[in-house]
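Asker: As given, the protein sequences belong to chains A and B, one line each in that order. Mapping to this note's numbering: the first sequence position 58 is 58, numbers consecutive. Position in the second sequence (from 1) plus 1000 gives the number in this note's numbering.
Since the hints were derived computationally from the structure, they do not count as laboratory data. Built from N, CA and C at the ideal position, the CB exists for glycine as well. A hint or two may mislead.
Stated by the list, open to error - Pulled a few chain A residues facing chain B out of the computed Cβ check, cut under 10 Å: (1) Ile8; (2) Ile11; (3) Ser13; (4) Glu34; (5) Ile36; (6) Met38; (7) Ala42; (8) Leu50; (9) Glu52; (10) Lys54; (11) Val76; (12) Ser116; (13) Val118; (14) Ile119; (15) Tyr121.
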Amino acid sequence: MRIHILFIAVILSFVVFSCQKENNAKLVKYVTTEAISMYDLAYLNGSSQLIEQKVEAQSAQDKWVYSFEAEPGDIVYVSAKYYDIESALKIQILIDGKVYKEKSSRNDTTQYLTVSGVIPYE
Amino acid sequence: MVLMLLLIAMYVKGQKNIDTVMRLNQVEIVDSSVIRIPQLKNMEKVDMENSSVSDVGEALRSLPNVHGIRKGGTNIDPVVRGYKFDQINVVLNGGIKIEGGCPNRMDPTSSHVNFYDIRNIRVIKGPFGLTYGPVLGGVVNMQTIKPQPFLQPDIKIYARKKMLWNREGNSNFISFEGGIPKASLYTSIYQSSYGDYFSGNGERMNTTFEKKGFTGALGFFPSPNHRLDFLMMRSLSENVDFPALPMDERSDDSKVWSFSYQGKNINAFVKNFDLLIYYADVTHIMDNKNRPFSDTVVAISQIDAITKGVKSTLAFDINTFDFLVGAEHTSIFKDGTRKKHMILQPQLPIKNEKIWNGAEIYNLGLFAKIAKQMDRFMFSGIARYDYNQAFSEDILVKNPNDVSLFFKEADSTESSFHNISGTFGVDYFLNDDISINLSLGRGVRSPNMLERFIILLPVGFDDYDYLGNPDILPENNNEADISLSYIKQNIGLLSITGFYSYVTDYILGEILTPTQQKPLSKDVLGVKRFYNADEAYFKGFEFYYNSLDVLPFNTRLAVAYTDGTIKQNEQYQYNDQNEVIERTIIEDDPLPEIPPMEFKANISDRFLNKKLSVAIDFRYVLAQKRTSLCFYEKETPGFFITGMNAGYFFDDVFSINFGVENLFDELYYEHLNRRIIGSNKPFYEPGRYFYSNFILRL
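Work out the full structure: start from the sequences and follow the hints.
Answerer: Here it is, written out as structure tokens:
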């Protein structure tokens, strides 16, 4: 009888534990650098809302950073445009500290620089 | 319409200790020959629980002339004698219909049922199961476990663990059943988690999925002749990969509620009275996030499908005639939107496209069945009338610049049909051993949601966006089956069935020129709109043998063949830009997705006082060379696979079962498996894999 109870307990625990939401959260970090003047920035925040703001940069070393936790399958998105022909921009999206996607541009005030994607499933 | 032909539905007179064969319900051709199990009637659940299968569609593929369309690791869509999708009426507990959400049938009806709660599945081939609803090519009836009265207060527990290797899967199921003489409760919970599998050449196939579910059923038995049942079933799927479709299922949440009443021998006139009321709600979410195309556009679709229905039947006798009369009403509502996130564009624009726009279908059915035994003859017939009505809100498609690409006003989407179906069957018992059955039937199926209202999605077998057509007419199947069965104590059971179907207004897609309609999906050749094509023909046969107790080992053999042809269809020739440059009429073109001929054999026996069971099965499938020219369907090579299974029953409580599928690690794929999307690669079946089932009954 003891082995029967044990078997039932094992099955039940498998079912119960599998019904609990796994924590697959990823740490997402947006980083923009290399701009030497103001630029317009739009990004998706941790609540999947599009945030638009102006970023004042003084030198190419200035960094704008935004971090949040996200799940696999969430969209990550950063888009920016600068207006100073002498300026530049580099956008990186990092997932758990590793560069997931990046793009850069220099002396191009006509195009938006957009880096985006979906957090990969395991 | 012309009723063609004949059938012999094999019919076994009496049961004579032969559990394998169910007494056939006149005219209904009930395929009970689940190949692995000799005593199907009482062991259908056992058959499924001792096997490697985890899905209704997969289980059905073990029946002769029943196949499945594979698009992923699970949710295989049943095909009966070459009939598929809504040409088959798939119901739960004799009448519950569940409309899936996905236009691409990621979630066919069978996927919304907790597999481990099913006690048996019955297939009625042909248009003969008219008491289950309108039907064209067959009925699949899944019966769930029903609470049973307990003579004294008691509790039963059933637990099961299934494990697989090479498919990296496991499932856990536990049920409790308890009650008293007047009431009982059944409840179960399950969870399944499967990873990718590997084909015979070691190639990884993306077939991951997770499922879980809960079922509660309550039965009341106020008197021996009356019972009331309440059922609540919920099943959830998550992250189901469909490499043969443009999207994966992110989640699918289905809820089914039903109430039923069954009364027997209510008075001198009424033999049975049944009432069924149900409600099914499916929320289906799918996306392309795991696909390369999501680098530019992330598409997420959510579809809500609600099915409601009521069905009632009354059985009575007048003189020596058996009568059954019934009525049913079903309504289906569907609404869904695809959100496209343009993630490479500034400001992240989101485009909303309707997949279904408040589409509804109502069906009212009235039917009557009569049966009469006269000496060596048994006659039966069913007549059915359906009033089918459908409409949708505006069907509107716009391009990114807000320019209308396609528009159909709500007023012009309405359609209604009066459909008449009927069957007639006669069994003739030549003697105690041989019986012949002839069945004639006409089944009419109104177009489904997809065929009426779908808005530009690649839902077909080919690479086209499909557009619904509210003006489309119902399909009609005029079928004749003839069966011969022979049963002898020293020979076993032999049966052979031949069938011929003549289908009019067969529904296919016709190409629209780019000026008529441009596609919305990426990488498709163009747009096709559903229309009523020419006549189609299906013919074939099924042979079945069961040695019963004649041979030292129980042996079962099955052979099945189906041939589907469309009288006339168009083939399109394309230039390098995929533009249609020529159209050719093809006469008698094979229909696409018709399974090839196959042979199945199963040998099994029990040893050690029947505690040890051993079974081996073989399946040989011929190459399918009869392929559709119009659809540029590819030929499929034949294959031969073998499986083995051994089980040990320690006692009435505990049993273990081990098995291997595809023992020789054959690299193969079924003709009905869809191609891997974005490539011409076939979707291979699993290579060799092992499985085990641990079962406990208390």
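Asker: None of the hints should be skipped; say for each whether it holds.
Answerer: Hint check results:
1. Ile8: Interface hint status for Ile8 (chain A): holds (5 Å vs cutoff 10 Å).
2. Ile11: Since the shortest Cβ distance to chain B is 4 Å, the answer is holds.
3. Ser13: 9 Å, holds
4. Glu34: Nearest chain B Cβ about 19 Å off; hint violated.
5. Ile36: 21 Å, violated
6. Met38: Hint on Met38 (chain A): violated, closest Cβ of chain B at ~17 Å, above 10 Å.
7. Ala42: Hint on Ala42 (chain A): holds, closest Cβ of chain B at ~6 Å, below 10 Å.
8. Leu50: Holds, because the Cβ-Cβ distance from Leu50 (chain A) to chain B comes to roughly 5 Å (cut-off 10 Å).
9. Glu52: 8 Å, holds
10. Lys54: 15 Å, violated
11. Val76: 9 Å, holds
12. Ser116: 4 Å, holds
13. Val118: 4 Å, holds
14. Ile119: 9 Å, holds
15. Tyr121: 6 Å, holds
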